[in-house]
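Asker: For reference, the chains in residue letters:
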Amino acid sequence: MVSSEMVKPLLASNGGDSASRGPLSCGDTIGILGSGDFSRSLATRLLSSGFKVVVGSRNPKRSAGLFPADAEVTGQTEAARRADLIFVAIFRDHYSTLKGLAEVLARKILVDVSNNTEINVSRESNAEYLATIFPQCTVVKAFNVVSAWALQSGPADGNKQVLICSDSVDARNRVASLARSMGFIPMDMGALCSAREVENVPLHLLPLWKVPCGGAGLLFLFFYLYNFVRVVLHPYLTEGKNQFYKMPVELMNITLPCVAYVLLSLVYLPGVLAAAYQLRNGTKYRRFPDWLDRWMIHRKQIGLVSFFCAALHALYSLCLPMRRSARYQLLNDAFKQVKQNVTSSWVEEEVWRMEIYVSLGIIALGILSLLAVSSLPSVGNALNWREFNFIQSQLGLSALVISTLHTLTFGWRRAFDPNRYKFYLPPTFTLTLVLPIIIILTRCALLLPCLRTKLTRIRRGWEKKTYGKFSDLSDTSTECSSNV
Amino acid sequence: MVSSEMVKPLLASNGGDSASRGPLSCGDTIGILGSGDFSRSLATRLLSSGFKVVVGSRNPKRSAGLFPADAEVTGQTEAARRADLIFVAIFRDHYSTLKGLAEVLARKILVDVSNNTEINVSRESNAEYLATIFPQCTVVKAFNVVSAWALQSGPADGNKQVLICSDSVDARNRVASLARSMGFIPMDMGALCSAREVENVPLHLLPLWKVPCGGAGLLFLFFYLYNFVRVVLHPYLTEGKNQFYKMPVELMNITLPCVAYVLLSLVYLPGVLAAAYQLRNGTKYRRFPDWLDRWMIHRKQIGLVSFFCAALHALYSLCLPMRRSARYQLLNDAFKQVKQNVTSSWVEEEVWRMEIYVSLGIIALGILSLLAVSSLPSVGNALNWREFNFIQSQLGLSALVISTLHTLTFGWRRAFDPNRYKFYLPPTFTLTLVLPIIIILTRCALLLPCLRTKLTRIRRGWEKKTYGKFSDLSDTSTECSSNV
Amino acid sequence: MVSSEMVKPLLASNGGDSASRGPLSCGDTIGILGSGDFSRSLATRLLSSGFKVVVGSRNPKRSAGLFPADAEVTGQTEAARRADLIFVAIFRDHYSTLKGLAEVLARKILVDVSNNTEINVSRESNAEYLATIFPQCTVVKAFNVVSAWALQSGPADGNKQVLICSDSVDARNRVASLARSMGFIPMDMGALCSAREVENVPLHLLPLWKVPCGGAGLLFLFFYLYNFVRVVLHPYLTEGKNQFYKMPVELMNITLPCVAYVLLSLVYLPGVLAAAYQLRNGTKYRRFPDWLDRWMIHRKQIGLVSFFCAALHALYSLCLPMRRSARYQLLNDAFKQVKQNVTSSWVEEEVWRMEIYVSLGIIALGILSLLAVSSLPSVGNALNWREFNFIQSQLGLSALVISTLHTLTFGWRRAFDPNRYKFYLPPTFTLTLVLPIIIILTRCALLLPCLRTKLTRIRRGWEKKTYGKFSDLSDTSTECSSNV
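Protein chains in written order, with full-length UniProt numbering: chain F, 1 to 484; chain U, 1 to 484; chain R, 1 to 484.
Bound conformation, chain F alone (with noise of 0.2 Å):
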C-alpha cells in the first residue's frame, strides 16, 4: 500500500469528495460518535490495526476513562472535524441529536453500524434514514454484524464477515479496506437500499435449523404417541396392566431411534430424488424444484439433528440396566425362576439377536459421529471435495445401511408376529424401515451401468436435446449438490 501522504493531495485536488480520496492506511485517523460499549470495542480494534482514533462524546470526561489510553476522547463537533471517516455508533432513536454537526461532517463518510431489536421495525432501514438526516453525507452501513465482543477479542475470535453496503462505490471500497486491515473480510451487498436486508441479518435465529428441528419435534411426536398407544395404552386396557412408568425412559428409549432413522434417511433421499429428476430431463441445466433445492440445502441440519438424536437414544438405552425397575424385574424373574425351578433360562435366539443389533447400533453410531465432526466448520475446511464427499456421501450411505441392519436385526421376526399387531398398528420399526429401503434400492439401481454412465454424463454437461455439442464446466459442483 502507498503511503498515505503521496497518495492523498493528488486525490483531494480530483474533486475534495472525500468518498473518492484515496485508500485507508494504517496511520490515519478514523472517528467514532457515541461511547458505548460497540463505540470501545470499536476503538480498542482500530487502534491495534494501526489507526488513530477519535472518539467523540457528550461528555468527553466521563467517557474518556472507559476507553483505551491511546484514543483521543473529545467533543463530538471536534471528532467530526477531525476525521474523513466517521463511525455512527449512537441507537437509531439519538440520530436526530446529531443534526447540530450537518455542516462539519458534510462530504464525509458516515458508517452506520446500527441494529434493531427486531426484524422491520421501522419502515426505512437505520441506514437510510441516517441519510435523509446528513444528505450531504456519504452513508455506509456496515459492521452491524459484528458484535462488540469479536471486536474486542481480536481477529482469532469472531465472526469474520462484515457485510458492506453504501450507494457510493468509493465509500464501499474503502470501508471494505478498512474492514480488510482490521482483519476481517467485506462482503459487497451493493446499493444502500440492502442496508434493511444486512440490518436484518444479526437478528436471524438459526433460519437453517427451523425446518429440521420442527420436522424432528413433529416426528417425535408422532412416534411417541405411537408408541405410548402401543406400548402403555393397549396393555392397560387390555389386560389391566400399569405400565405408565415406562413413559420416562422406554418411550423415549424406542421413539428417538425412529425419529434419528426417519431423518437419516431425509438426509439422502433429495440426492436419489435429484438423481432421478436429471435422468428423466436428460439434462442438468434444468432447475431442480425449489422444495427439493430448499430441502439439499438443509441436508447438513437434518443429519445432525438426526446424530443428536441417535446419540440420546445410546444414552438411553445405556440407562436402562441402571432403572429400578430393571432391578426389580430381575429379582422377581429370579425368584420365578427358582419357583419354577428352571436351571436355564437361556434362550440362544434371543441371545444372538440382542448381540448383534447392540453391536450394529454402536457401529452406526460411531460412523454418524464421524460424519458429525466432520461437519464442524473448522474440519470441514480441511477437506477438499473429495473428502467432504466420500465422508459425508459413501460414510453416510454405509451409517444409513448399519442402521437398516440394525432396525431389521432388532424387529427380527417380529414383523410377522400377529401378537406384536397392537390395536392392528404394526410394530414402530416396520414404518421407519421404508423410506430407508427404498432409498437403498433406488441407491443400488444407479449403479447399474446403462444409468450410471447416463448420469455421468449429465453431470459433466451433456444433454438429451438436440443444443448442445459441448459443454460448461461443473466439475465438483454438481456431485456437491447431488451426490452429498
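Please note that the accuracy of each hint is not assured.
Which copy? The list can't say, so a pair holds if one copy fits it or any two copies do.
As a list, the in silico DSBU-like pairs of lysine-lysine whose alpha-carbon atoms are at most 35 Å apart [claimed, not checked]:
1. K464 / K52
2. K160 / K422
3. K99 / K454
4. K464 / K300
5. K454 / K160
It is worth saying that the hints were derived from the structure and are not from the lab.
With chain F's structure known, arrange chains U and R on it following the hints.
Answerer: Relative to the frame of chain F, chains U and R by itself:
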C-alpha cells in the same frame, strides 16, 4: 499493490532510510539470519507467499540441504547485504556474535522472532537487547507468537495472529503488510517497550482455565470428602460396615454431579449480579467491580468444566450396573427374596423417581452438549449475536432448570428424612441446590414488567440521574456482557 | 490500493502485456467462460467481493436465468473482449472449442480452474494443455482446490487456501491479489509445471489417514483373531462350550481397547526414538531417518484413531449389562446360588479390582477426549505452542500412564495364572503392555539430570563435534517436532 520497481526509486530518494521505503511486494527479497527449524519454516512460507529468500548461515554448505531449493543459502554478511528486511532467527545468547554485521545492517529493519523459555527471564526483552546491539537498525518484534509448525503448515492451519511492535511506525507497517501477505493477521502492539509483553504471550499456559479448573478441583475435594464422611465413614463407624469399595466409582459418581451443578450455577450467577448492580446504580456507564468483570470473562471456561464433569458423571452412572459389586448385590438380593418368599419386590414410587430423574439427567446432558459444541471457536464464529445469545443464555438456563429438576427428583423426599442426616450433615444434593434456586428465582423476578422495563432502558443508555438526555449506542454488547 | 484508473495508463505504456498491468481493484471487470455450477458460484463470489462480472456462454439467453442479476451474461467472444482476466470454467474436453477466441484472448490472463476426476489422467496438466492451445495468453492455474460450494457460501466457510501457479510472476501476483480480495489466502506454487501437482490436490483422499487407519485395521484383525482363539475356540475345542454368541459384542469389547492402547503408545514412541537419535548423534542438525519423520507427521491421526477405538470400547463395555445374555447368566447364577444355599457371593478382591479399573478407564477416556478436542483445527489454532505442548505431551502421557494402570488393574494377577494361558497363548492384555511400559520407562530415564541436560543443550543448538561455537535459533520448533 503497485509493483515495487516503480515505487522504490521514488521513495529511495526520500531519504534512504529503509524503514520509510515503500511497502513490500511479492518478489522482494527477505533475509533470514540463522538456519534452525524456525528459519527453515519461515523460508518455506515466505517462498510460498511469493517472496525471494536469502538465508545467512554460519555454515552455508551444511545448511543448504535443509532448506527448500528456491531459498538461497549464503554467508551471513552476504545475506545481510542483499535484503532490507532481515529476520533474526538466532537465540538471544548468540546476538552478540552478529556484531560484525553492524555496518552492513545499518539502517535496515531487523525482525526479532525469538522466544524465551521462561517468563521475564531477563531484565530487558530480547528485542530491546537486539536494539542496543544495533543502534543503527530499526528493530521490530514480530512472529514470535507463530510456531515453526504454523509457518510450515500453511495459512489454513495454526494461530493466525501476529503481534508486532516497534518504535518506528513505518517499520511496523511494513512488517504488518508482510504478515498479511503471508496469510497472517497483524496486530499492532505499539512501541518496542511492549516487546516484553509480546515475548511473554507464547509462554502463557491456558490463563483463562486456571481459576475454573482450580475452583473445580477445590469443589471436587470438598464434595468428595463430604460424601466420604456420609457414605463410607458413617456406616463404618456406626455400624461397622465396610463400604470402602465405593470410593473409586460410587463416590466419584455422586461427587461429580455436585461439582458440575455448582459450576453451572456459577456461570449464570454473574449475569444476575450484573443486572442487580445496574438496577441499583440506575446506569450502565458505571464499571462493574473488577472481580465481577473477571468472573464474567471466565464464564465460558467454567461452563465447559461443568460439562466435562457432567459427562464424566454420566459415564460413571452408566458403569454402575456393570460392576461386580452390583452383580453380587443383585444375586444376594435375589437369594434373600427367595428365602423370604417375596413374590414381587416392586416399589412403584422408587421406580417412578428413578425413571424421571434418569430421563431428566439425559436431557440436561444433551442440552449441555449443544452448549459445549457452540463454544467451539469455529461453530461460535458462524453464529450471529442473537443466535449465540439464544444458545448460551436460553438453552443454558433451561439446562440449569432441568438439572435442578434432575436434582430435585433424585432427592425426592430425602431432604426431609432425618435418617439421611448422617452426623447431622444434610444430604449432599441439598447443598448444591442453594445457588441454582436463587438464580432461577432472581431470573423470574427480572421477568416482572417493572424490573424488566427499567433494565432494558438502562441497557439502552437511559440513566437515573439528570445528565444524559440522550444516549450512545451499545447495541449487542451490553447484552453480551450482562445477559449471557 | 490505488484506484485502477490512475495506475493502468501508467502501466499500459509499460508494454501493453496485460500480465504486467497493475493490480486488480474492486470495480474491475472479470470474465468467465462457461456457465456451469462452478461458473455461477464464481460469479456470485466475485460480485460480492465488489467486482463486475461478464459471463461468456454458448447460449446466453438460457444461461442468464441461472446467474445472479448483477452478472452480465453474454456471448463468449463478447465476454473475452471485455475483460483482461478471464476464468476458463469449462471441461478440458471442450478447451479446443474455444480456439476461435484465440485472437480476442491474446495477451490476456486465462485462469484455468478445472479439475480431473482421476489422478494423472492425462500426460500434461489441464493448464499446460490450455497454454498450448493459447500460446499468446498467460495461463494461470488457480482456484481448482476451491469447491463451488466454498465459493458460494462466502468467506466464513469452506477451504480458504487457493494454490496458484503460472510462468508469469506478474500474472501470479494479480491472481493472488484477486484471491485475497475474495477472502481466500493465495499460496504461490511457482511455475506452470506445478499445475499437475495442483490439479491432483483435490483428488487426494485423506492421505494422512491411510496409514493410521490401515494399521488400526490390521491390529484389529490380529487382536480379534487372537481373542477369538482364546475366548471362543479354546472352550469350544477343549470343553465343547458354545460361546460363539460372544463374537459380536464381547470380542469387540476386548479387542478395541487393545487397538486403542497400542495406537496410543505408537503416538509417543517416535518422540522417544527421536530423543535417543539426537542423544546418540549429539546434534539436532542431522535429519531423522525418513520413516521416523513420516511417523511423527502421522501422530495426530494415530492418536485420533486411538481415541475413536477407546470411545467405541467404552460404548461396548456400557452395553454389556444390557444384553439378554448378561440377564440370562444372572438369572441362572441366582438360581444356582439359591440351590447351593450360598447367602453371599461377594468376593471383595474382585469387587475392588473392577471398581478401580472402571474408574481408571473413565478417567483415561476423559483425558483422551480433551486431547481429541484440542486436535480440532479451530481449538488448536487458539492455543499457543506451550499450551499445545502441555495438552498433547503432558496430558497425553498421563493418559498413557492411566491407561497402563487401567490395563494392569484389569489384568490383576492373571498374567501369572497358568489357567489363563489358553493354547499357551498369554492373556491379550500382557501383549499390549510391552510398548507402553518401554515408553514410560524411557521417559523416566530422560528425566535423569545427565540425559535431560544434554538433550536440552542439543535442542538449543549445541553439538558434540568441533564445529559450531554458537548456534542458530530453533526455539519452539525443535520441541514441537520431538517432544510432542
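Asker: Hint by hint, where does the structure go against what was stated? Just the numbers, ascending.
Answerer: 2
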